[in-house]
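As a plain string of letters, each chain reads:
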Amino acid sequence: MERLTPQAIIDSFIQELGDGFFGGYVHEYEIAVKKNKFQSLWIEVKKGAFRHAVEHICRLQEHPHLAIISSSDLGAEVELIYHFTIYYGEHLQELSLGLRVKLPKSDLTIPTITDLIPGAIFTERETQEMMGVEVVGIPDKRRLFLPEDFPEGVYPWRKDEKGLPPDMLRILPGREPK
Amino acid sequence: MTVEEKKKATYTIPIGPIHPALKEPIRLALTVDGEEIVDVDIFAGQVHRGIEWLGMNRNNAIQNIYLAERICGICNICHPFAYVMAVEQAAGITPPARADYIRTITAEMERIHSHLLWAGVAAHEIGFDTIFYLAWRVREEIMDLIEYVTGNRVTKAMFQIGGVRRDITEEQFPRIRQSLDYYKSIFNQLKKVFLDDKTIQMRTRNVGILKKEDALKLLAVGPAARASGVPKDVRQDQPYAAYADLDIKAMIPDMVTGTVVGDVYDRIIVRLLEVKQSIEIIEQCLEKMPPGPILAQPKIAVLLKTLTKAEGEGIGRAEAPRGEVIHYVRMEAGRETLATWKVRAPTYVNLISVSTILKGMQIADVPITFASLDPCMSCTNRVVVTDRAVGRKSVVDYEELHRLSVEKTKELLQ
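Residue numbers (my numbering), protein chains in the order written: chain A, 1 to 178; chain B, 1001 to 1414.
Treat the hints as calculated values from the structure; they're not laboratory data. Accuracy of the hints is not assured; some may be wrong.
Derived DSS-like pairs: lysine-lysine, alpha-carbon spacing no greater than 30 angstroms straight-line [what the hints assert, rightly or not]: (1) K1288/B x K37/A; (2) K34/A x K1212/B; (3) K105/A x K1309/B; (4) K1212/B x K178/A; (5) K35/A x K1276/B; (6) K1305/B x K35/A; (7) K102/A x K1299/B; (8) K35/A x K102/A; (9) K1217/B x K178/A; (10) K35/A x K1309/B; (11) K46/A x K1217/B; (12) K141/A x K1299/B; (13) K1410/B x K35/A; (14) K141/A x K1211/B; (15) K35/A x K1288/B; (16) K1276/B x K47/A; (17) K37/A x K1217/B; (18) K34/A x K1288/B; (19) K162/A x K1309/B; (20) K37/A x K1408/B; (21) K1305/B x K159/A; (22) K1309/B x K159/A; (23) K1305/B x K178/A; (24) K34/A x K1249/B; (25) K1212/B x K141/A; (26) K102/A x K37/A; (27) K1192/B x K34/A; (28) K1299/B x K37/A; (29) K1191/B x K34/A; (30) K35/A x K1249/B.
Given the sequences, and given the hints that come with them, work out the whole structure.
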């Protein structure tokens, strides 16, 4: 398969997603003595274009590697970043691709991608229990890490009223949360 | 009850509460039909310690290095490695080249000790304790070297944001080379013991096969993926630190056998080859190590101020002995703690493949197969066996499972 440069990948996303594309940039820095570049690509898409974007990544690389979904509570919205790696298998060729999508707190849903990448199941289950983002169409809805008796509606990674309440924390003197 | 319904009744054997191979907490629910495993379900989370939450709510960016080190007792270099790279990227700090080399040397020492530790555990799982003792005795040499270089056997506290905390000086080189020479001198013997032995071959060949297609779909990483023929290695694909200066090639089992099967035997080959590769990498690093400082900012107070002001995000990727470790960090200006910290350890994704690998196998093969993935639960519960035909429940503990495995070896030898 033809390998695109990071900029060409951004252009292909613009062409493919049109209005659904929100922005993209390449972050690179030099390492060690030979000054080879470490490149990471960050692309933000609208929620409606998310599935389309993942399908596009699957066209760029057959079996893209999804490392993890990271989620941040930004106040009014929750940001999910799907950390993909593409073009692996050869020296210095791989690219890290972060696919960013922001969800308003009034509608915390995201379609599943387990039909495209079956291994995404664990990280989708974790995002669901820890951040309270509902993954629509997920084949296995159970919790992954949290115990069964953990209360409903409490999401440890949230920074609003749905986060961990103080009575669930064991705070040692001098080690209060900041 | 009709005959049809009776057939579907299940037989549950919870194997646990301790991990059947590595004595770590994980629970596997195996549905069995007689001896054959037909379905596997995994329950993780018994050792979820909320480390990411602490990093986002309690600790500052520097304190988190030492917390990251304690994610896993064995991978206590690769977690801080990935973490400091992510923070450096977010805060725009470039570590000096010498620090990159020292980081690489310590990371490769960790790989040698982890692979030898695994080799011992794997031998123990099939009841071959002579090899277990041999592998762990051989491992002591690298542990001594790690102690000599870093000052400690585990939790070495070598890493700092923007560099490393201890230098490796010229005077230390002969002692390091002495250990490397020791491993080079015994490597062929180790290879013979692990690859040519009849017992090991009988218990590992064509056992626990992970096909290349499945490895790619289920996102396997590290030696588990490479043994299935996926040439995926962060050190090769997207090199970091001193790996970027070296020409590293992912180890695939066909270099020895000519074919890729993706079984337990292939995973032994990959790990053995990687021990040799690690020795070569350390030697090259010692040779090419540039002079200069080891820290971008030696004053901790100034560094902490820079980090509090930093705004941005970064990802750190490191190849741990078990596969790729990835840390995502997001920093907000004026915030002492991290805004977001997401850690992905290799076992997290390798666990997904477990059910595919175990299906169709015998219960006695569970310990060696599960151990062959080198799972690490602290990075990421127990085994329940359900029998479809009988509909009876019984508990199999670790000792029982281990006994089954040892018996199978004895039977094969007769």
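Against the structure, the hints come out as follows:
1. K1288/B x K37/A: Holds, because 19 angstroms separates the two Cα atoms, which is no more than 30 angstroms.
2. K34/A x K1212/B: violated, 34 angstroms
3. K105/A x K1309/B: Since the Cα atoms of K105/A and K1309/B sit roughly 28 angstroms apart, the hinted pair holds (cutoff 30 angstroms).
4. K1212/B x K178/A: It is violated: about 46 angstroms lies between the C-alpha atoms, which goes past 30 angstroms.
5. K35/A x K1276/B: Holds - the C-alpha atoms of K1276/B and K35/A are around 26 angstroms apart, at most 30 angstroms.
6. K1305/B x K35/A: holds, 28 angstroms
7. K102/A x K1299/B: At roughly 38 angstroms apart (the allowed maximum being 30 angstroms), K1299/B and K102/A break the hint.
8. K35/A x K102/A: It is violated: about 34 angstroms lies between the C-alpha atoms, which goes past 30 angstroms.
9. K1217/B x K178/A: The hint is violated at about 40 angstroms.
10. K35/A x K1309/B: holds, 27 angstroms
11. K46/A x K1217/B: Holds - the C-alpha atoms of K1217/B and K46/A are around 26 angstroms apart, at most 30 angstroms.
12. K141/A x K1299/B: violated, 48 angstroms
13. K1410/B x K35/A: violated, 55 angstroms
14. K141/A x K1211/B: holds, 27 angstroms
15. K35/A x K1288/B: holds, 14 angstroms
16. K1276/B x K47/A: With a Cα-Cα distance of about 47 angstroms, the restraint between K1276/B and K47/A is violated, given a limit of 30 angstroms.
17. K37/A x K1217/B: Holds, at roughly 28 angstroms.
18. K34/A x K1288/B: Answer holds: K34/A to K1288/B is near 11 angstroms, not above 30 angstroms.
19. K162/A x K1309/B: holds, 28 angstroms
20. K37/A x K1408/B: Violated, at about 51 angstroms.
21. K1305/B x K159/A: Holds, at roughly 24 angstroms.
22. K1309/B x K159/A: holds, 21 angstroms
23. K1305/B x K178/A: Within the cut-off at roughly 16 angstroms; holds.
24. K34/A x K1249/B: At roughly 18 angstroms apart (the allowed maximum being 30 angstroms), K1249/B and K34/A satisfy the hint.
25. K1212/B x K141/A: OK: K1212/B and K141/A at ~28 angstroms, within 30 angstroms.
26. K102/A x K37/A: holds, 29 angstroms
27. K1192/B x K34/A: violated, 38 angstroms
28. K1299/B x K37/A: This hinted pair holds, its Cα atoms lying about 28 angstroms apart.
29. K1191/B x K34/A: With a Cα-Cα distance of about 34 angstroms, the restraint between K1191/B and K34/A is violated, given a limit of 30 angstroms.
30. K35/A x K1249/B: holds, 19 angstroms
Of the numbered hints listed earlier, those contradicted by the structure are 2, 4, 7, 8, 9, 12, 13, 16, 20, 27 and 29.
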